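Peer 1: Below, each chain spelled out in residue letters.
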Amino acid sequence: MADTLTGAEHDPAARVPGFPMPRAAGCPFDPPPALTAAQQEGPLARVRLWDGKDYWLLTRYADQRAVLLDPRVSADLTSPGYPLQAPGSGKNDIGFILMDDPEHARLRRMVTAPFAIKRVEALRPAVQTIADDLVDAMLAGPKPVDLVQALALPLPSLVICALLGVPYDDHDFFQENSRILIKRDAAVEERTAAHGELIGYLDELMGEKMTHPGDDLLSGLVARVESGELSRLDAAQMGVLLLLAGHETTANMIALGTLALLEHPAQLALLRDTDDPKLIASAVEELLRYLSIVHGGRRRAVLADIEVAGQLIRAGEGVILPNDLANRDPEAFPDPDRLDLTRDARRHVAFGFGVHQCLGQPLARMELQVVCGTLYRRVPGLRLAADIAELPFKHDGSVYGVYELPVTW
Amino acid sequence: MRVELDEPKCVASGQCVLTAPEVFDQRDEDGIAFVTDEEPAPDSLDAVREAVAICPAAAIRLTER
Ligand code: HEM
Ligand code: SF4
Numbered sequence: 001m002a003d004t005l006t007g008a009e010h011d012p013a014a015r016v017p018g019f020p021m022p023r024a025a026g027c028p029f030d031p032p033p034a035l036t037a038a039q040q041e042g043p044l045a046r047v048r049l050w051d052g053k054d055y056w057l058l059t060r061y062a063d064q065r066a067v068l069l070d071p072r073v074s075a076d077l078t079s080p081g082y083p084l085q086a087p088g089s090g091k092n093d094i095g096f097i098l099m100d101d102p103e104h105a106r107l108r109r110m111v112t113a114p115f116a117i118k119r120v121e122a123l124r125p126a127v128q129t130i131a132d133d134l135v136d137a138m139l140a141g142p143k144p145v146d147l148v149q150a151l152a153l154p155l156p157s158l159v160i161c162a163l164l165g166v167p168y169d170d171h172d173f174f175q176e177n178s179r180i181l182i183k184r185d186a187a188v189e190e191r192t193a194a195h196g197e198l199i200g201y202l203d204e205l206m207g208e209k210m211t212h213p214g215d216d217l218l219s220g221l222v223a224r225v226e227s228g229e230l231s232r233l234d235a236a237q238m239g240v241l242l243l244l245a246g247h248e249t250t251a252n253m254i255a256l257g258t259l260a261l262l263e264h265p266a267q268l269a270l271l272r273d274t275d276d277p278k279l280i281a282s283a284v285e286e287l288l289r290y291l292s293i294v295h296g297g298r299r300r301a302v303l304a305d306i307e308v309a310g311q312l313i314r315a316g317e318g319v320i321l322p323n324d325l326a327n328r329d330p331e332a333f334p335d336p337d338r339l340d341l342t343r344d345a346r347r348h349v350a351f352g353f354g355v356h357q358c359l360g361q362p363l364a365r366m367e368l369q370v371v372c373g374t375l376y377r378r379v380p381g382l383r384l385a386a387d388i389a390e391l392p393f394k395h396d397g398s399v400y401g402v403y404e405l406p407v408t409w
Numbered sequence: 001m002r003v004e005l006d007e008p009k010c011v012a013s014g015q016c017v018l019t020a021p022e023v024f025d026q027r028d029e030d031g032i033a034f035v036t037d038e039e040p041a042p043d044s045l046d047a048v049r050e051a052v053a054i055c056p057a058a059a060i061r062l063t064e065r
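Listed in order, the protein sequences are those of chains A and B. Quick note: the first sequence uses the working numbering, first residue 1, plus one each step. Quick note: the second sequence uses the working numbering, first residue 1, plus one each step.
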């Protein structure tokens with residue numbers, strides 16, 4: 001009987017495919033073939049998660065955007081029917097990304113100011129200096145070098161540390177714990193321990209800022225704790241969310257984006273030969289669309305009956321919205337599987353959509369623009385120093401990328 | 001044509017400011033967007049339409065007046 005078998009993928013009787021699905025060998029940048037096939041079949045599919053339960057999966061760009069905007073869907077993983085990422089993921093609360101309005105909006109608005117376009121633009125010269133220094137050090141050192149360690153990870157980590165007021169010297173500690181927290185197959189205890197470590201660390205840091213406040217984001221949160229607007233736990237959770245989202249995502253975009261460009265030399269040449277900020281900005285949007293690194297699917301629970309593509313989805317059911325699939329919808333992006341840095345990709349949903357759309361997107365864009373305008377021009381002979389088939393891809397993470405990227409020049 | 005922005009809906013994504021900087025700006029205190037030119041010149045309208053489409057919170061409207 002179906003129920004007595006172990007994994008969803010191994011259950012031929014059910015005919016409901018397991019999710020997430022594996023990518024095809026040799027196609028590290030494309031969504032899993034089974035997902036693409038589901039998109040060709042229709043707007044909705046049924047998929048089975050690790051818990052043995054079946055959920056709706058939305059395959060189309062337009063439907064995904066409509067549902068992510070709908071106040072009748074909830075991002076709160078305690079809502080009935082919510083498709084949990086992994087066993088026990090409900091225990092490791094990381095703040096407003098998993099809350100609904102009005103509480104979500106109240107908390108988010110406490111940290112939106114530093115991510116405004118003007119504020120982020122003001123940081124661009126400092127980020128350029130960081131990029132130049134890291135590239136200088138890379139060029140002066142031995143080769144081949146792991147681009148993840150040399151540039152992709154330190155750049156966003158240095159930036160988010162400065163913005164939050166977290167000592168960069170602690171990066172080994174928080175990078176290691178962040179990595180565990182976003183690993184799909186980490187054991188429940190392992191993830192809970194990593195979460196506890198990070199919350200404890202942020203709480204202690206904020207305690208220090210009570211006596212020695214700075215002009216950083218965490219000091220701003222501490223002031224709100226002192227005025228009674230924010231609980232100490234909410235503040236620590238927001239700190240964890242920002243620290244984690246602030247370096248893991250952008251780091252993966254830098255490394256995986258560089259790999260994608262190395263595999264598309266004509267596209268790489270466009271960036272190597274330009275200093276046009278418009279082309280660089282357009283290239284970054286296209287890389288975000290093409291790679292859609294936050295690939296586990298947005299997850300939501302339906303609070304009141306909704307209709308998607310003519311299908312009734314009932315209150316208490318869960319929906320999965322893979323933005324990697326939406327960003328490859330031919331109705332939204334003609335010839336979607338082609339990487340074309342000159343196309344207008346601005347409407348992509350790589351940062352999500354709806355009220356939870358990425359808070360850090362102006363910062364991530366600016367960092368990626370700096371890297372795209374610097375690395376390939378300064379290291380024109382950049383090439384991969386390994387066989388792409390041998391690279392360790394992050395198939396196991398909720399953020400896709402490569403663990404290592406050996407390069408030389 | 002008139003541009004309206006539903007301030008309580010705005011999530012401060014900054015997308016409208018990037019798309020049509022001559023029509024939108026953000027408040028210093030919380031990054032919430034506001035309209036700087038409620039009746040933009042015809043040559044700004046394409047950018048405003050793009051902002052309407054791209055706004056993640058469906059907070060912007062372009063209405064006939
Ligand atoms: C290229 C880099 C990045 C990508 C692809 C990315 C992607 C995303 C996505 C897809 C979401 C939506 C989650 C959902 O709807 O469930 C999100 C939310 C979020 N991101 Fe990012 N992100 C990036 C960089 C950053 C940075 C640099 C920061 C912070 C400094 C950040 C902070 C956040 C926060 C706080 C949220 C939650 C927003 C909310 O729930 O209101 N992200 N991000
Ligand atoms: S695009 Fe929409 S959500 Fe983003 S700042 Fe403008 S009005 Fe606000």
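If you are wondering where the hints come from, they were derived from the structure by calculation, not from laboratory data. Heads up, a few of these hints could be off.
As the list claims (entries may be wrong) - Selected chain B positions facing chain A (Cβ under 10 Å, derived; list incomplete):
1. L18
2. D28
3. A41
Unchecked claim - Output of the computed footprint for chain A on chain B, the stretches with three or more beta carbons under 8 Å from beta carbons of chain A:
4. 29-38
5. 48-55
To be verified - Some chain A residues near chain B, calculated using beta-carbon distances under 8 Å:
6. L69
7. R72
8. T112
9. Q357
From a predicted model like this one, the values you see are computed outputs, not experimental measurements. C-beta: ideal position from N, C-alpha, C; glycine also.
Peer 1: Each hint: holds or not?
Peer 2: Each hint, compared with the structure:
{"no.": "1", "hint": "L18", "result": "holds (6 Å)"}
{"no.": "2", "hint": "D28", "result": "holds (7 Å)"}
{"no.": "3", "hint": "A41", "result": "violated (21 Å)"}
{"no.": "4", "hint": "29-38", "result": "holds (count 4)"}
{"no.": "5", "hint": "48-55", "result": "holds (count 3)"}
{"no.": "6", "hint": "L69", "result": "holds (6 Å)"}
{"no.": "7", "hint": "R72", "result": "violated (14 Å)"}
{"no.": "8", "hint": "T112", "result": "holds (4 Å)"}
{"no.": "9", "hint": "Q357", "result": "holds (4 Å)"}
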